[in-house]
Every structure is written in C-alpha cells, then in structure tokens.
Amino acid sequence: MISSHGVDGEEIQLTMPSESDVSSLVATSELEHKKRLEIIRPIPDIDEPSGQEGAELSKIPVDLKSGDWLLKVVPWIGGRIILMTHLPSDSQWLHSRMEINGYEEYSGTEYRSAGCTEEYKVIRRYLEQSGEESICMEGDIGGGLVLRRQISILKDNPNIVQIDSSIQARSVGAGSGGFSRLVCLRVHPTFTLLHPTEVVVAFTAINGSKQEISPELGEITFEGDLRPNGEWMLVDKCAGLSLVNRFDPSQVSKCLVHWGTGDVNMELWSEEKPVSKQTPLRICHQYEVRQTS
1 MISSHGVDGE EIQLTMPSES DVSSLVATSE LEHKKRLEII RPIPDIDEPS GQEGAELSKI
61 PVDLKSGDWL LKVVPWIGGR IILMTHLPSD SQWLHSRMEI NGYEEYSGTE YRSAGCTEEY
121 KVIRRYLEQS GEESICMEGD IGGGLVLRRQ ISILKDNPNI VQIDSSIQAR SVGAGSGGFS
181 RLVCLRVHPT FTLLHPTEVV VAFTAINGSK QEISPELGEI TFEGDLRPNG EWMLVDKCAG
241 LSLVNRFDPS QVSKCLVHWG TGDVNMELWS EEKPVSKQTP LRICHQYEVR QTS
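Take 1 as the starting number for the sequence shown in full-length UniProt numbering and just add one per residue.
Be aware that a few hints might be false.
[Said to hold, decoys possible] The following label-pair restraints were derived from C-beta to C-beta distances: (1) R181 x K121: 19 to 25 Å; (2) Q13 x G230: 50 to 56 Å; (3) R181 x S91: 35 to 41 Å; (4) Q211 x R97: 26 to 32 Å; (5) T279 x G224: 21 to 27 Å; (6) K155 x N207: 33 to 39 Å; (7) D140 x E271: 18 to 24 Å.
[Stated by the list, open to error] Calculated cross-link-like contacts (lysine-lysine; reagent style PhoX-like; alpha-carbon spacing at most 20 Å): (8) K273 x K254; (9) K155 x K65; (10) K72 x K155; (11) K121 x K72; (12) K210 x K237; (13) K254 x K210; (14) K72 x K59; (15) K59 x K121.
Keep in mind that the hints were calculated from the coordinates and are not lab data.
Heads up, the beta-carbon is just placed ideally off N, CA and C, and yes, glycines get one too.
Construct all of the structure, not just a fragment, from the sequences and the given hints.
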C-alpha cells in the first residue's frame, strides 16, 4: 500500500496488486502483444523485386517528393501517410508506427472505424515529371461504400500538401431508398511534438475569438461558431515553425484536439449522415509549414 497526501490535504491510500496479480497482468499483456505482432503486415523491402508489379502496386510504400515535401504512403494499411517531412526545415511532422497513427481517416465517429486499416487500391499515380506528385486510392468500407483519397503536392504551389477525401456510395441495398448507413468522414492525423512544452494549437474562430489550446487542456472539441474559420495551426514556438491546416468550414462540422504524450491529434469531422451516389461526404484540406517569429 502507498500512502500520500493530495493537494487538498486529504490522505490518499493506493492498494498495490499482489505479486500473482502482477504476474497475471504481465502474461496477459505479453499475449496481447504477440497477437498484435502476428496480424501486422510488414513493409516489404523497396529494393526487392515485387514479382507481380502491376498487381502488387498497392503493396509497395509510395514516396511523393516534390517542392517542399517528402511523403511516404502505405496503401495496404488504411492508405495512411506515415512520413510527412518538410524539406526546407528538415522537420518531420507525423508521429507514426506502421500499423497505427500517422495520417488516418475513418468512416464513422468511432475511433479506428472502417477505413482505418482496410487495404486501399491505387487508382491513379502522377509522377513529378508530369508537374504534380499525386496518388489516388480507394478502400472498400462495406455496405457498398468506398473511402476515396487523393494526396497531392500541388503543381502550382509545391509548398502545399492537399488531401481530398470522400465517402462515396457505389451500390446500396434494395429498400434503402438509395441511401447508405450513417457515416462520418473523420480525419485523424497524429502529429509529433519535438518540444512538447512549447507548442499550442492556435486559430481564429468563426465568431472572431482568438484561441490558443495548450497541452494542459487534454481533449477539447469545437463546434458551431467556435470552429476555426477555415484555418488552424500547430505552433512550435521553440522551432519557430507552424504547421497550418486549411479547410472549408462548410465541409467540417466539428474540430477536435487531443493532446497525448509527445503527440497531438488535430481532427476534422464531417457531419454524420447517410450518403447516396449523388451526395457523397467530402473534406478537402491542405497542410503548409510557415516560419513564425
């Protein structure tokens, strides 16, 4: 048992688990870890021949490099971005492991819902020689729906990364009136914090108020006229850099900030509703790095 005093002077006692309980917890944790390792799909060595080059395109990590940016995309695990390096400042913005975090998108309000880990097929790929580095992917999220995502380093503005995503209905069941289940396009990037005590999320809200969200606030959501007015940024005061995220407020019904240990999520949520072939859900947004004083 551990005894201490709280900040209000009250005595606090914590009962520690027994040695056998600790052993059981450790064994359970090791078993869960082993199970996760068994289902993780490893990245193949890019230098090795793929064997079936056309059919295996979605199994190869894709590099997008142009202008200010180098991105690495993994189509076969949720179409996620696992590397997002700003070349002029040599800053890496994404906090990622292969099977989790980085830049993810979901098709529901639930954490890691459909769209997060499905295999995405590469539909189109534009190379730098064409003037634009871009990849377009689709993932089947069930119920006749696909999550489509185009990631581009813009030809006319190569200091900007643009991500254009949508939940589209390809086929829906009879009797549904042409509409799908309830879906929500949830953009879930996890950004790394090089200086965790020197960062804030800053923006001007639709109502004109200035907001600075520090890590001490944990998790906070913004809806209605408290949402950012089309732009918010992760400001690293120590590095003198800001990662700016621009979006169309008409496509985003809620913004969420969640501070972790050494990382932060800056989420964009669409409204939650059924979709049809004529009425997809879409969020098109951009990232840019700015120098700050």
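Structure-based check of all given hints:
1. For R181 and K121, the Cβ-Cβ distance of about 22 Å falls inside the hinted range of 19 to 25 Å, so the restraint holds.
2. Taking 50 to 56 Å as the suggested C-beta distance range, the pair Q13 and G230 conforms, at roughly 51 Å.
3. Our hint of 35 to 41 Å for R181 and S91 holds, since their Cβ atoms are close to 40 Å apart.
4. Checking the proposed 26 to 32 Å range against Q211 and R97 shows it holds: the Cβ atoms sit about 30 Å from each other.
5. With their beta carbons about 23 Å apart, T279 and G224 fall inside the hinted range of 21 to 27 Å.
6. Here the CB-CB span from K155 to N207 is close to 36 Å, well matched to the stated 33 to 39 Å.
7. Against the hinted window of 18 to 24 Å, the Cβ-Cβ separation of D140 and E271 comes to about 23 Å, which satisfies the hint.
8. For the suggested pair K273 and K254, the alpha carbons sit about 14 Å apart, so the restraint of at most 20 Å is met.
9. With a C-alpha separation of about 12 Å, the suggested pair K155 and K65 falls inside the 20 Å cut-off, and the hint holds.
10. The straight-line distance between the Cα atoms of K72 and K155 is roughly 18 Å, inside the 20 Å bound, and the hint therefore holds.
11. Taking the CA atoms of K121 and K72, the gap is about 16 Å. The hint holds against a cut of 20 Å.
12. Between K210 and K237 the alpha-carbon distance is near 17 Å, which keeps this suggested pair within the 20 Å criterion.
13. At roughly 17 Å between alpha-carbon atoms, K254 and K210 fall within 20 Å of each other, so this suggested pair holds.
14. A distance of roughly 13 Å separates the Cα atoms of K72 and K59; the hinted pair therefore holds under the 20 Å criterion.
15. With a C-alpha separation of about 9 Å, the suggested pairing of K59 with K121 holds against the 20 Å cut-off.
In terms of the numbered hints stated before, the structure departs from none.
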